[in-house]
Amino acid sequence: MAASIPMINTIMKRILILGSKHNTGQCRTTNLTWCRTLMQSQRRYQEESEAQENSEEDLTPKRKIVDPETSIRYVHSPEFVKGYGDKPVWFHYRRNFKGKIPPPTRENCIRQGEIATASPCPICRDEYLVLDAKNIKLLEQFICPHSGEIFDSMKTGLCQTQQKALTVSVMRAQDQGLLEMKLPFRTYDYEDYKS
Amino acid sequence: MAASTTFRCSSLSSACRLLFQKQTAGYRQLRFLSSSSQDNSASDAVSAAPENEERDPFPVFVQPRVQELLTRITGFDLMKVAGPQKKPLQRPIYKLMTDEQLNAELSSAKERLQHRLQMPPYMKPRRPHLTPLSVDPELAGFDKSNYVFVDISFGVKDRKRSVVIREVDGTLRVAPWDVKERMNQIYNPREGRHVVKPSMFEEANLERMISEKRYQYVLDRACCQFEPDDPDFIRTTHRVYNAVDQCGDYEHLRSTRHFGPLAFYLAWHSSIDGLLVDMLDRDKAQDARDLVVLFADVHPDSSCAAAISELPQQDDDVAVIKTYLATDCKNKDKVELSLRAMVDSQRSKGKTQNSSL
Amino acid sequence: MPRLPQRKSFDIIRLALHGCTNRPFYHIVLTKNTRPRDAPPFEQLGTFDSMPNIHNEKLVSLDIERIKYHLANNVALSKPVEKLLGLGGLLPVFPMSYTIAKRNRKKMEAATNDTEEHLQEEDTEKSQ
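Protein chains in written order, with the UniProt record's numbering: chain A, 1 to 195; chain B, 1 to 357; chain C, 1 to 128.
Since the hints were made in silico from the structure, they are not lab data. Where is the CB? At the ideal position from N, CA and C, for every residue including glycine. The reader is advised that the hints may include incorrect statements.
[Unchecked claim] With a Cα cut of at most 25 Å, we get these calculated BS3-like pairs of lysine-lysine:
1) C:LYS79 to B:LYS80
2) C:LYS58 to B:LYS197
3) B:LYS157 to A:LYS194
4) A:LYS137 to B:LYS349
5) A:LYS182 to B:LYS197
6) B:LYS87 to A:LYS164
7) C:LYS102 to B:LYS144
8) B:LYS160 to B:LYS86
9) C:LYS107 to C:LYS83
10) B:LYS213 to A:LYS134
11) C:LYS68 to B:LYS144
12) A:LYS164 to B:LYS110
13) C:LYS68 to B:LYS160
14) A:LYS134 to B:LYS197
15) B:LYS80 to B:LYS110
16) B:LYS160 to A:LYS194
17) A:LYS87 to B:LYS87
18) C:LYS79 to B:LYS144
19) B:LYS80 to A:LYS87
20) B:LYS110 to A:LYS194
[To be verified] What the simulated footprint calls covered on chain A by chain B, stretch by stretch (three residues with Cβ under 8 Å from a Cβ of chain B suffice, anywhere in the stretch; the number is not a length):
21) 142-151
22) 183-189
Just chain A, same shape as in the assembly:
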């Protein structure tokens, strides 16, 4: 029984990041194609009876957990450029919602170690993107180059857990001096120090 895997379980989603089909106003002419396949976990699509029969090892593994050093290597690699080009990671991501006013982004794309949604946010969809204080190149993509502030999740499309992780990593990096913060100008009154 374990050998016969129904068609519905072999869902392999190849996500195309063309974007231009859905945009009405803007013209985004891109030829970027997503170069890696993202596996939807078989576990989510099997029926209850099958879940009891299939053992843990038969099913595809959960979302891979990658350590920050590997993520840093990935972000500097040619594969990253092939997948994202010179734009930030969130640039071509398009949220799906009804109506004109976007609601706040979802709380979580990943539940119990696997992707639980059809359109995960820019960080969750790529398991090699890990938000860490040392991963400066990735963090800088989420910071406005003009004002030095972190972009809102409404702009980037990050889920709330990733937005929090981003804020924490940026604060940690600023604390260690890896990222520069916006500093106020300290004015001194020499009279205070003369006593």
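We have chain A; now place chains B and C onto it with these hints.
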């Protein structure tokens, strides 16, 4: 507001009043929390300075003559001082101007931006408070934690704020400096300053920042975080100045607020040769002369100072630098070489100007 | 029926409990003694955090200038406020602080004696 006195006294039984009489002797000591205009450090004994202590640099730094020399040495590169600021993106504003209008705008900008070159004070490290205000062994064990009392009177500046700590063993003392800094940030928060010291100022991270040559950011953040007499501030700034001096990266700090303290640090520690060579190589004769005069002002007892005061013509840049070479210079060869090169280049420039005329 | 005499009303500096469940935080306020504990006061003169922080400190902020002004105008103080001002050095130490300190020292001594006896018993058992 007219309250009956009986209600105040009812809380004090006669037994308590006896105790209070006992305390009056000690109570007279506790005048530190009196008028907030009084500096609390006057009434408590800060650890006594040893006899052979080095002299205080701040009074020398604050002298008008020294300040003038330092501002002249710093220079004013409008583009660098105005510099790119972290701001939300705005539309650019275009104006059509005549030459006169442009010059007027530039001079008004220069006046406006002069405050950005205010130098952080150069001070010696502060000393810890040693003597307690009141020793009370009978009060030992009154609680498991220390009590920190902060004066939040209106108009009190952070430096003058009274912060007092009652320790578990009953002693009352002026709070240590790190406790005071923390309380200042908690009760008078300031942007850019954190309650917990950033790990950027620890040895490993600081060395990394310095090897990446991010001198200005380190110094700016140190100014925001620490007071000028904080040992951490002095350690950080001195480390950066040393690195700048060794690598010869003076141009990174030139025309910033940190160049003055850098020059003062080098003059104070009698190691101006590196900076002097850099100035001479860039044909800044007047800056070099100012630096030597600064050295003489900082060390009025040195032979260089005496020689300069005896000079007949104090306006001659080369003569002043030569007196320094003859007296207190350590790297004579390098400085002499640079001086000769500068003099030659000036002469050749003079010749070409004459020939063009 | 004649009206019952109202209790005497006077100004007092006392603690007003704010914060939330399992997290007390006190404001040191000048108010009338008849008013509710947390009612808006005339003036807030400071704060007191009764939970020790990571450095094992309890933070007390006092507006010394205003407290001295009110003390000079003969305002009443509640016992916790007198205790705090005594510990801080603005007023003489409150007598109850000495009593509590003595009691705590006694308790600690008793506790250390108990542990010593316990350890001695263990040693004798081991030797046997």
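Hint-by-hint comparison with the structure:
no., hint, in the structure
1, C:LYS79 to B:LYS80, "61 Å, violated"
2, C:LYS58 to B:LYS197, "20 Å, holds"
3, B:LYS157 to A:LYS194, "14 Å, holds"
4, A:LYS137 to B:LYS349, "48 Å, violated"
5, A:LYS182 to B:LYS197, "17 Å, holds"
6, B:LYS87 to A:LYS164, "23 Å, holds"
7, C:LYS102 to B:LYS144, "13 Å, holds"
8, B:LYS160 to B:LYS86, "33 Å, violated"
9, C:LYS107 to C:LYS83, "21 Å, holds"
10, B:LYS213 to A:LYS134, "19 Å, holds"
11, C:LYS68 to B:LYS144, "29 Å, violated"
12, A:LYS164 to B:LYS110, "42 Å, violated"
13, C:LYS68 to B:LYS160, "18 Å, holds"
14, A:LYS134 to B:LYS197, "20 Å, holds"
15, B:LYS80 to B:LYS110, "12 Å, holds"
16, B:LYS160 to A:LYS194, "12 Å, holds"
17, A:LYS87 to B:LYS87, "22 Å, holds"
18, C:LYS79 to B:LYS144, "20 Å, holds"
19, B:LYS80 to A:LYS87, "30 Å, violated"
20, B:LYS110 to A:LYS194, "29 Å, violated"
21, 142-151, "holds (count 4)"
22, 183-189, "holds (count 6)"
Violated hints, in rising order: 1, 4, 8, 11, 12, 19 and 20; the structure is consistent with all others.
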